[in-house]
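Trainee: Each chain, letter by letter, is given below.
Protein chains: 2
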Amino acid sequence: MSGPAKAKRGIPQKEDFNEWYPFIVEAAELVDKRYPIKGMDVWRPYGWKAMRLIDGLTHAEMERSEHEEYRFPLLIPENLLEKENRLVALLKKARDEGVEPEELRIDEDEAGFKKEVYWVKHAGENELDIPMFLRPTSETAMYTMFPLWIRSHADLPLKTYQMVNTFRYETKQTRSFIRVREIHFFEAHTAHIDEACASRQIDEDLEIVGNIMAAMCLPVLISKRPVWDTFPGAWYTIAIDVVMPNGRTLQVASVHHYRDQWAKAFDIKYEDENGEFQNCHQTTYGMSERLLGAVVGMHGDDSGLIMPPKIAPIQIVIIPVLKKGQEEMVNESASQLANELRAAGFRVKVDSRDMRPGQKYYDWEIKGVPLRFELGPRDIDKNSVFAARRTGGKTPLDRSEIITLAHAQLAEIESELIQRAAQHMKGKTQPLPELIECDGKWTVEGEIADGVVFEIAFDGSDAEAEIIERTCGLTFLGDAVEAYSEPKPCVITGNNTKRRVWLARTY
Amino acid sequence: MSGPAKAKRGIPQKEDFNEWYPFIVEAAELVDKRYPIKGMDVWRPYGWKAMRLIDGLTHAEMERSEHEEYRFPLLIPENLLEKENRLVALLKKARDEGVEPEELRIDEDEAGFKKEVYWVKHAGENELDIPMFLRPTSETAMYTMFPLWIRSHADLPLKTYQMVNTFRYETKQTRSFIRVREIHFFEAHTAHIDEACASRQIDEDLEIVGNIMAAMCLPVLISKRPVWDTFPGAWYTIAIDVVMPNGRTLQVASVHHYRDQWAKAFDIKYEDENGEFQNCHQTTYGMSERLLGAVVGMHGDDSGLIMPPKIAPIQIVIIPVLKKGQEEMVNESASQLANELRAAGFRVKVDSRDMRPGQKYYDWEIKGVPLRFELGPRDIDKNSVFAARRTGGKTPLDRSEIITLAHAQLAEIESELIQRAAQHMKGKTQPLPELIECDGKWTVEGEIADGVVFEIAFDGSDAEAEIIERTCGLTFLGDAVEAYSEPKPCVITGNNTKRRVWLARTY
Numbered sequence: 001m002s003g004p005a006k007a008k009r010g011i012p013q014k015e016d017f018n019e020w021y022p023f024i025v026e027a028a029e030l031v032d033k034r035y036p037i038k039g040m041d042v043w044r045p046y047g048w049k050a051m052r053l054i055d056g057l058t059h060a061e062m063e064r065s066e067h068e069e070y071r072f073p074l075l076i077p078e079n080l081l082e083k084e085n086r087l088v089a090l091l092k093k094a095r096d097e098g099v100e101p102e103e104l105r106i107d108e109d110e111a112g113f114k115k116e117v118y119w120v121k122h123a124g125e126n127e128l129d130i131p132m133f134l135r136p137t138s139e140t141a142m143y144t145m146f147p148l149w150i151r152s153h154a155d156l157p158l159k160t161y162q163m164v165n166t167f168r169y170e171t172k173q174t175r176s177f178i179r180v181r182e183i184h185f186f187e188a189h190t191a192h193i194d195e196a197c198a199s200r201q202i203d204e205d206l207e208i209v210g211n212i213m214a215a216m217c218l219p220v221l222i223s224k225r226p227v228w229d230t231f232p233g234a235w236y237t238i239a240i241d242v243v244m245p246n247g248r249t250l251q252v253a254s255v256h257h258y259r260d261q262w263a264k265a266f267d268i269k270y271e272d273e274n275g276e277f278q279n280c281h282q283t284t285y286g287m288s289e290r291l292l293g294a295v296v297g298m299h300g301d302d303s304g305l306i307m308p309p310k311i312a313p314i315q316i317v318i319i320p321v322l323k324k325g326q327e328e329m330v331n332e333s334a335s336q337l338a339n340e341l342r343a344a345g346f347r348v349k350v351d352s353r354d355m356r357p358g359q360k361y362y363d364w365e366i367k368g369v370p371l372r373f374e375l376g377p378r379d380i381d382k383n384s385v386f387a388a389r390r391t392g393g394k395t396p397l398d399r400s401e402i403i404t405l406a407h408a409q410l411a412e413i414e415s416e417l418i419q420r421a422a423q424h425m426k427g428k429t430q431p432l433p434e435l436i437e438c439d440g441k442w443t444v445e446g447e448i449a450d451g452v453v454f455e456i457a458f459d460g461s462d463a464e465a466e467i468i469e470r471t472c473g474l475t476f477l478g479d480a481v482e483a484y485s486e487p488k489p490c491v492i493t494g495n496n497t498k499r500r501v502w503l504a505r506t507y
Numbered sequence: 001m002s003g004p005a006k007a008k009r010g011i012p013q014k015e016d017f018n019e020w021y022p023f024i025v026e027a028a029e030l031v032d033k034r035y036p037i038k039g040m041d042v043w044r045p046y047g048w049k050a051m052r053l054i055d056g057l058t059h060a061e062m063e064r065s066e067h068e069e070y071r072f073p074l075l076i077p078e079n080l081l082e083k084e085n086r087l088v089a090l091l092k093k094a095r096d097e098g099v100e101p102e103e104l105r106i107d108e109d110e111a112g113f114k115k116e117v118y119w120v121k122h123a124g125e126n127e128l129d130i131p132m133f134l135r136p137t138s139e140t141a142m143y144t145m146f147p148l149w150i151r152s153h154a155d156l157p158l159k160t161y162q163m164v165n166t167f168r169y170e171t172k173q174t175r176s177f178i179r180v181r182e183i184h185f186f187e188a189h190t191a192h193i194d195e196a197c198a199s200r201q202i203d204e205d206l207e208i209v210g211n212i213m214a215a216m217c218l219p220v221l222i223s224k225r226p227v228w229d230t231f232p233g234a235w236y237t238i239a240i241d242v243v244m245p246n247g248r249t250l251q252v253a254s255v256h257h258y259r260d261q262w263a264k265a266f267d268i269k270y271e272d273e274n275g276e277f278q279n280c281h282q283t284t285y286g287m288s289e290r291l292l293g294a295v296v297g298m299h300g301d302d303s304g305l306i307m308p309p310k311i312a313p314i315q316i317v318i319i320p321v322l323k324k325g326q327e328e329m330v331n332e333s334a335s336q337l338a339n340e341l342r343a344a345g346f347r348v349k350v351d352s353r354d355m356r357p358g359q360k361y362y363d364w365e366i367k368g369v370p371l372r373f374e375l376g377p378r379d380i381d382k383n384s385v386f387a388a389r390r391t392g393g394k395t396p397l398d399r400s401e402i403i404t405l406a407h408a409q410l411a412e413i414e415s416e417l418i419q420r421a422a423q424h425m426k427g428k429t430q431p432l433p434e435l436i437e438c439d440g441k442w443t444v445e446g447e448i449a450d451g452v453v454f455e456i457a458f459d460g461s462d463a464e465a466e467i468i469e470r471t472c473g474l475t476f477l478g479d480a481v482e483a484y485s486e487p488k489p490c491v492i493t494g495n496n497t498k499r500r501v502w503l504a505r506t507y
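In order, the protein sequence lines correspond to chains A and B.
Residue numbers for the first sequence follow the working numbering, beginning at 1 and rising by one.
Residue numbers for the second sequence follow the working numbering, beginning at 1 and rising by one.
A few of these clues could be false.
In this list, chains with the same sequence are indistinguishable; a pair is considered to hold if it fits within one copy or across any two.
[Said to hold, decoys possible] Below are the EDC-like pairs computed for lysine to aspartate or glutamate, each with C-alpha atoms no more than 20 Å apart in a straight line:
{"hint": "1", "residue 1": "Lys172", "residue 2": "Asp129"}
{"hint": "2", "residue 1": "Lys114", "residue 2": "Glu125"}
{"hint": "3", "residue 1": "Lys115", "residue 2": "Asp155"}
{"hint": "4", "residue 1": "Lys349", "residue 2": "Glu63"}
{"hint": "5", "residue 1": "Lys115", "residue 2": "Asp398"}
{"hint": "6", "residue 1": "Lys349", "residue 2": "Glu327"}
{"hint": "7", "residue 1": "Lys172", "residue 2": "Glu464"}
{"hint": "8", "residue 1": "Lys14", "residue 2": "Asp229"}
Derived by calculation from the structure, the hints in this document are not laboratory data.
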């Protein structure tokens with residue numbers, strides 16, 4: 001392969017993250033951005049394999065938690081939105097009776113949504129009677145079908161999910177995996193008999209997110225979004241953010257508790273044990289290819305990617321180190337080693353290209369293969385394999401115990417990645433400089449550093465939150481699900497509170 | 001689940017295939033057709049699982065044959081078609097210099113293609129400068145990128161594939177899996193140094209098709225389509241057809257040899273060993289969710305589906321037969337059995353719903369679960385499991401050898417399905433009644449039976465083929481890849497020929 005491969009020399013420093021990231025996603029052959037639609041990349045085999053391995057983690061968790069996989073159509077007829085409009089109307093009514101900020105925002109979001117979809121109004125040579133749009137997400141498609149499947153309490157909980165392509169007409173600058181127009185997307189949608197059962201689903205979702213993030217060695221911030229950043233029609237939203245190297249937070253997953261708001265709009269009812277009809281309570285849980293973007297950003301270094309072993313398309317690359325006259329013996333030994341490792345479940349590649357080992361090392365470093373085995377005549381003589389970890393460190397391994405030792409090496413790499421990532425995140429989190437009020441005007445004592453997430457104790461009002469956002473030029477991520485164990489004084493009111501709030505610049 | 005499930009009683013006879021098929025795909029909960037766009041069904045978990053298992057067969061074959069999985073964008077800008085238009089122009093030029101029928105057809109097909117796509121001309125509130133269409137297939141998208149990846153002979157062969165949703169604006173009557181508007185699609189695209197290498201790819205494709213069809217117990221007709229039914233821009237097309245119970249043939253796969261026709265249009269060149277630039281030779285290979293439609297049609301019976309074991313979402317269903325006071329013991333024993341079978345790699349479900357066993361049998365028969373295990377106190381006493389095969393036959397199995405015996409039972413079911421399907425196809429293939437010419441007018445001696453595929457020896461011209469099609473109201477499937485071993489007289493010319501040609505009514 002040529003093109004990006006040839007450009008490998010001269011990788012930007014990771015410090016210059018905004019240069020490094022777009023370079024590395026192509027140099028490592030994850031995607032090709034030269035497809036002639038902005039924000040719609042071509043997934044190359046290495047990138048797609050990594051994504052499918054991430055999807056595999058999700059599938060396994062869905063199976064464990066007894067979700068079932070569906071596949072809904074991509075196209076949604078515009079008239080189905082009428083039901084969503086009913087939801088909006090319902091919430092408007094609620095607002096008139098007792099204002100809540102989340103409801104005040106619905107209209108704008110609704111309009112925003114229409115601004116962000118691709119429309120299909122023509123097919124063949126015809127103009128369609130009812131325009132359709134490419135799903136940005138599948139609430140409307142799914143909740144149209146749910147009433148056909150849910151009759152009685154025995155049909156609940158209904159736990160569905162799908163992995164599909166979704167679309168968003170992004171007008172902002174696009175970035176591979178992070179902000180794209182065709183999105184590889186995961187969405188789980190559930191229906192329950194009541195609020196408490198739906199709340200337990202939220203707990204399960206957070207456990208699932210925890211498992212998936214751990215497998216990718218990604219530490220995360222989990223917070224309940226402020227009401228003005230809650231998903232339209234949701235009671236509350238919990239979001240999962242990764243702190244990227246430039247200090248910006250990247251939302252990689254979110255879960256929403258809908259209570260029965262959507263069920264009312266879509267007539268999703270069940271007959272309870274007393275023969276009475278009740279509205280379902282619903283939740284959703286979404287993730288996307290941003291997970292891969294987070295892996296790239298969090299773990300990479302100046303030499304390229306570092307793939308966490310559980311999602312590495314190639315876990316071990318074997319480089320035969322050839323010596324004249326012994327080529328055949330070495331190649332055969334390498335191939336034997338590969339087969340043995342494969343039989344034990346490792347994803348292995350033998351690189352027998354005709355080039356210097358040094359150049360091969362370089363290629364596999366950029367692709368982030370966690371473990372490299374070098375095998376030459378001397379290693380074979382000593383019944384040994386020379387191992388180099390992508391996270392640093394080299395060591396000979398006893399050939400006769402290679403399966404156990406390879407497992408141990410990958411575990412060590414995993415633990416190193418976890419440690420580094422935790423350190424990175426700790427280093428990126430700081431207390432907010434003091435806020436000072438003077439004649440009703442707020443200013444910051446000192447500078448709002450770039451590349452940092454700020455943490456505050458906060459129990460102020462939404463209006464005060466807005467003051468902080470505006471004064472600091474930061475976004476409220478929301479209330480940490482893990483609050484302070486001991487109360488601290490709120491940065492605005494001075495009152496003691498356990499509420500622990502993060503602020504950041506976001507993607 | 002309600003709806004279709006409640007309608008299970010009163011399955012149409014399979015004889016009435018056009019009633020049976022649409023009923024069964026919903027009653028077995030493969031899809032739900034009530035989504036408000038015609039021809040866009042919702043895949044339900046059972047149907048989607050079966051499809052994913054079929055996809056799994058394909059993935060395994062692709063890996064074995066060293067194809068790599070890509071993922072291209074869904075949307076294709078209209079201006080990329082200019083290159084395809086160049087292909088058309090090229091072929092027109094060739095026609096002017098020496099007419100070949102395949103080239104005469106290009107224009108119509110090109111126009112037909114535009115009549116069959118969904119158009120995206122609007123995004124948000126904007127009209128797009130360049131309209132885009134939803135891929136009906138990905139030649140244009142892929143061959144736009146190929147020149148960026150292929151530089152030298154060392155980059156060849158390039159063997160790519162993807163599994164994606166494709167779209168066709170069908171105006172004919174839609175049928176689940178068989179004729180739909182959003183299609184779950186597989187496509188492999190390869191590039192080679194020359195015609196001979198591309199031809200070897202065609203051979204490999206046919207081997208792959210053979211393996212996949214065998215795993216689904218599906219006998220097929222493999223034939224080289226007549227030139228007027230060759231894919232636009234292809235040198236030749238080989239198609240794989242299944243004979244459905246109503247005698248109609250269903251094309252489930254096709255492979256195309258493009259020679260260098262597309263490469264010329266898309267500038268897909270490589271530098272050979274002498275430093276000279278050569279056009280690549282290309283092939284494609286396509287399959288779709290029609291594979292599942294063929295499985296449904298070929299193997300089902302009056303009681304519902306019969307799933308071939310290799311793609312059965314549930315291979316073994318265990319029904320605990322409860323007796324008062326011993327419920328716990330039986331359920332525990334059933335669960336133990338299930339775990340043992342799962343550990344051995346079987347896909348197993350324990351049906352512990354609170355209803356009569358007879359009703360459970362009915363439910364799993366309609367879903368086509370190949371093997372049913374009944375387990376009651378008496379079986380447990382005898383250290384035995386009572387097995388019922390979906391293809392017929394019941395037998396007690398020794399509990400202590402259950403893994404081996406379960407494998408044997410599934411193998412027996414597989415072999416029964418293969419035998420039945422082969423018999424079915426044999427019964428559906430007949431010689432064509434004699435054709436008689438009188439004063440330049442052709443008539444058929446006798447009746448063209450319904451529900452039958454006809455086989456003839458044929459070495460006539462295209463014009464004569466057209467006469468047969470028109471006279472009989474049948475479609476030429478083409479020349480069987482497996483020709484006659486001994487020459488036979490052509491039905492038109494009377495000349496001896498080994499060319500074996502099939503005619504049928506097609507889906």
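Trainee: Is the C-alpha distance from Lys172 to Asp129 at most 20 Å within one copy, between copies, in both cases, or in neither?
Mentor: Answer is between: at 18 Å across copies they meet the 20 Å cutoff, but 31 Å inside does not.
Trainee: Have a look at Lys114 and Glu125 and pick one of within, between, both or neither, based on CA distance no larger than 20 Å.
Mentor: between (25 Å within a copy, 8 Å between copies)
Trainee: Within a copy, between copies, both or neither: where do Lys349 and Glu63 come within 20 Å Cα-Cα?
Mentor: Between copies only: 13 Å across, 30 Å inside.
Trainee: Taking 20 Å as the upper bound on the Cα-Cα distance, should Lys115 and Asp398 be classified as within, between, both, or neither?
Mentor: neither (61 Å within a copy, 65 Å between copies)
Trainee: Is it within, between, both, or neither for Lys115 and Asp155, if the alpha carbons may be no more than 20 Å apart?
Mentor: For Lys115 and Asp155, neither the intra-copy (36 Å) nor the inter-copy (43 Å) Cα distance is at most 20 Å.
Trainee: From the Cα coordinates, with 20 Å as the cut-off, is the pair Lys14 and Asp229 best called within, between, both, or neither?
Mentor: neither (31 Å within a copy, 55 Å between copies)
Trainee: Using 20 Å as the alpha-carbon threshold, which applies to Lys349 and Glu327: within, between, both, or neither?
Mentor: within (18 Å within a copy, 52 Å between copies)
Trainee: If the cutoff is 20 Å on CA atoms, where do Lys172 and Glu464 land: within, between, both or neither? Let me know, please.
Mentor: Answer is neither: 29 Å inside a copy and 61 Å across each miss the 20 Å cutoff.
In this structure, the hints that do not hold are numbers 3, 5, 7 and 8, in rising order.
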